[in-house]
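K.L.:
Spelled out from the first residue to the last, the chains are:
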Amino acid sequence: MRASPTSPRAGAPAPGLPMQAGIGFKPAHFDALMADSAPPAFVEVHAENYFGDGGLPHRQLAALGTRMPLSVHGVGLSIGGIDQPDPAHLARLRGLFARHPVAQFSEHLAWSSHGGIHYPDLLPLRYDAMSLVRVCTHVAQVQDALGRNLLLENPSTYVEIEGGDFAEPEFLAAVVARTGCGLLLDVNNVHVSCQNHGHDPHAYLDALPLQQVGEIHLAGHAVVDDGDGGTLLVDDHGSAVADVVWRLYRRVLALAGPRPTLIEWDTDVPAYPVLRAQAAQADASLRAAVLGRAA
Amino acid sequence: MSAVLHAGFAVGLLHPGMAAPSAIRSATASGREHRYAVYRNNATMALLHAFESGYPVVRALLGVDCFLHAARECARLHPPRTPVMAEYVALLPGFLAGTPLAAAVPYLVEVARLEAACLRVFHAADGDPLPAPAWLALQADPSRLGRARVELQPACAWLSGTHAVADLWLAHMRAESPELAELENLDVDAAQDALIWRDPAGRVQVAALPTGCARALDALQRGEPLLQAFAALSPQACGALLGHVTRDGLAVAVHVDSDTIAEAS
Numbered sequence: 000m001r002a003s004p005t006s007p008r009a010g011a012p013a014p015g016l017p018m019q020a021g022i023g024f025k026p027a028h029f030d031a032l033m034a035d036s037a038p039p040a041f042v043e044v045h046a047e048n049y050f051g052d053g054g055l056p057h058r059q060l061a062a063l064g065t066r067m068p069l070s071v072h073g074v075g076l077s078i079g080g081i082d083q084p085d086p087a088h089l090a091r092l093r094g095l096f097a098r099h100p101v102a103q104f105s106e107h108l109a110w111s112s113h114g115g116i117h118y119p120d121l122l123p124l125r126y127d128a129m130s131l132v133r134v135c136t137h138v139a140q141v142q143d144a145l146g147r148n149l150l151l152e153n154p155s156t157y158v159e160i161e162g163g164d165f166a167e168p169e170f171l172a173a174v175v176a177r178t179g180c181g182l183l184l185d186v187n188n189v190h191v192s193c194q195n196h197g198h199d200p201h202a203y204l205d206a207l208p209l210q211q212v213g214e215i216h217l218a219g220h221a222v223v224d225d226g227d228g229g230t231l232l233v234d235d236h237g238s239a240v241a242d243v244v245w246r247l248y249r250r251v252l253a254l255a256g257p258r259p260t261l262i263e264w265d266t267d268v269p270a271y272p273v274l275r276a277q278a279a280q281a282d283a284s285l286r287a288a289v290l291g292r293a294a
Numbered sequence: 000m001s002a003v004l005h006a007g008f009a010v011g012l013l014h015p016g017m018a019a020p021s022a023i024r025s026a027t028a029s030g031r032e033h034r035y036a037v038y039r040n041n042a043t044m045a046l047l048h049a050f051e052s053g054y055p056v057v058r059a060l061l062g063v064d065c066f067l068h069a070a071r072e073c074a075r076l077h078p079p080r081t082p083v084m085a086e087y088v089a090l091l092p093g094f095l096a097g098t099p100l101a102a103a104v105p106y107l108v109e110v111a112r113l114e115a116a117c118l119r120v121f122h123a124a125d126g127d128p129l130p131a132p133a134w135l136a137l138q139a140d141p142s143r144l145g146r147a148r149v150e151l152q153p154a155c156a157w158l159s160g161t162h163a164v165a166d167l168w169l170a171h172m173r174a175e176s177p178e179l180a181e182l183e184n185l186d187v188d189a190a191q192d193a194l195i196w197r198d199p200a201g202r203v204q205v206a207a208l209p210t211g212c213a214r215a216l217d218a219l220q221r222g223e224p225l226l227q228a229f230a231a232l233s234p235q236a237c238g239a240l241l242g243h244v245t246r247d248g249l250a251v252a253v254h255v256d257s258d259t260i261a262e263a264s
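Quick mapping for you: the protein sequence lines, in order, are chains S and C.
When you line the first sequence up against numbering that gives the first Met the number 0, it's residues 0 to 294, in that order.
When you line the second sequence up against numbering that gives the first Met the number 0, it's residues 0 to 264, in that order.
Check the hints yourself; a few may be wrong.
With beta-carbon atoms standing in for the labels, derived distance ranges [as the list claims (entries may be wrong)]: (1) Asp265(S) with His77(C): 21 to 27 Å; (2) Val268(S) with Asp64(C): 22 to 28 Å; (3) Met33(S) with Asp64(C): 35 to 41 Å.
Treat the hints as calculated values from the structure; they're not laboratory data.
Just so it is clear, CB atoms sit at the ideal spot from N, CA and C, and this is done for glycine as well.
Only chain S is shown next, with the shape it has when bound in the complex (with noise of 0.2 Å):
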């Protein structure tokens, strides 16, 4: 029998990608990523963009195959949702990983589809034991599915849902427990949530099982009325990591080592040496947390 949510699958997350900075790949950036001479030490993209038979979204991928390590993020698996891992989706995944070298896979503790209709956004869920147990199974069937593990992400939430019985991250570390999934760790994504909501960013780190985290996200975030007086921040991936992320993004690098990691930035998306600076800056955290340990 292959895993099952009290049978995890063995080993820690394999180490896909190299422990340096990479970037969110966005087809405008093609050329100047294939001309650079020093690129960011990886890309990553979103599965479903790569969801066609053929064309240029394959050719460049196969392109910056041959240059760089490829990351594929999922965002419509739905693996907290009510209905099991859509076996369609999950073929078209499995194509995609015959046809590119896919170096690691990851997706969200998130829901997008419900009843069969799918809502392109990260919806947040109740974390509670069933919530757990169904979570569980799901990533179980994925990596089943898929013959790999992947990596799950911490969402960036705007709400939570009441009748929890646990908070995010320890929701998260059962989930890697019980399945051998690693983490895939957000940290803008852990700042917003936890500014969202009032908790400490440090005490959610803490209650993180951050030895299987196999790959860091950073990116911008927008932040607007809550409606209370107050400031909600948004996961926008609209702009440059901000300076408390980074903060954090180093004190996960003290206490877990360095990780590989990405620049997000989706929308309003700027010209490639922007982009490559971003990188380059995590870089040098990469090597300070490298001398840190060493030292």
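Use these hints to put chain C onto chain S, whose structure you have.
P.N.:
Using the frame of chain S, we list chain C on its own:
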């Protein structure tokens, strides 16, 4: 319990009038609505963005506000049944055909169908085009050419227009931005067919073809030999269409009698 929660959370995402789910923890009702509105906004904006990026010329023909209103209505009445937005937005032409907009802008639905075809062609499977020398050899023997059954690329499409559908689309896409297109020199009521294919760089190309060419391509697709498929076309239409098929690499293989001619053969 969770199923009820998820159903309640989902249903209001595309319906701004609905109250936020009561299971959302919040000190005030206003706070609950503001927080839930972030999800509603994210989901709606992602859908609208998918429609906008797939239908730049329909957007220009309707004006941004009218287009977004129609797209929002389409998403509300027919929410996605696929997580792949490039596939989901293919329903827009059918939706527009059932609205008063179709009568208000007579060529709207045809242009929408053309843009849906562009999206399909952009993502279609790759095929090795039949090399030019193979065509030259065939064209040297007209009787053999007439008997040829042409296997077309997965990445090509065509449609028959009752208006100048291809020229309309081209005029918008060649303008500095589609909203700034000049249509004064265009006879929009002149019927034409449209051919959509992918160039060697993977970019989608559109060309106007004389009326009748779409039916000829239908016939080729059904496996009819070239002479029979092109029988109703004028010599000019014949030349134009064959020119595209040969020069633009629209064929992956040609079958003549019992021979198959293809890139790999």
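K.L.:
The structure should be examined with respect to each hint, and the outcome stated for every one.
P.N.:
Hints, one by one, checked against the model:
no.	hint	result
1	Asp265(S) with His77(C): 21 to 27 Å	holds, 26 Å
2	Val268(S) with Asp64(C): 22 to 28 Å	holds, 25 Å
3	Met33(S) with Asp64(C): 35 to 41 Å	holds, 39 Å
In terms of the numbered hints stated before, the structure departs from none.
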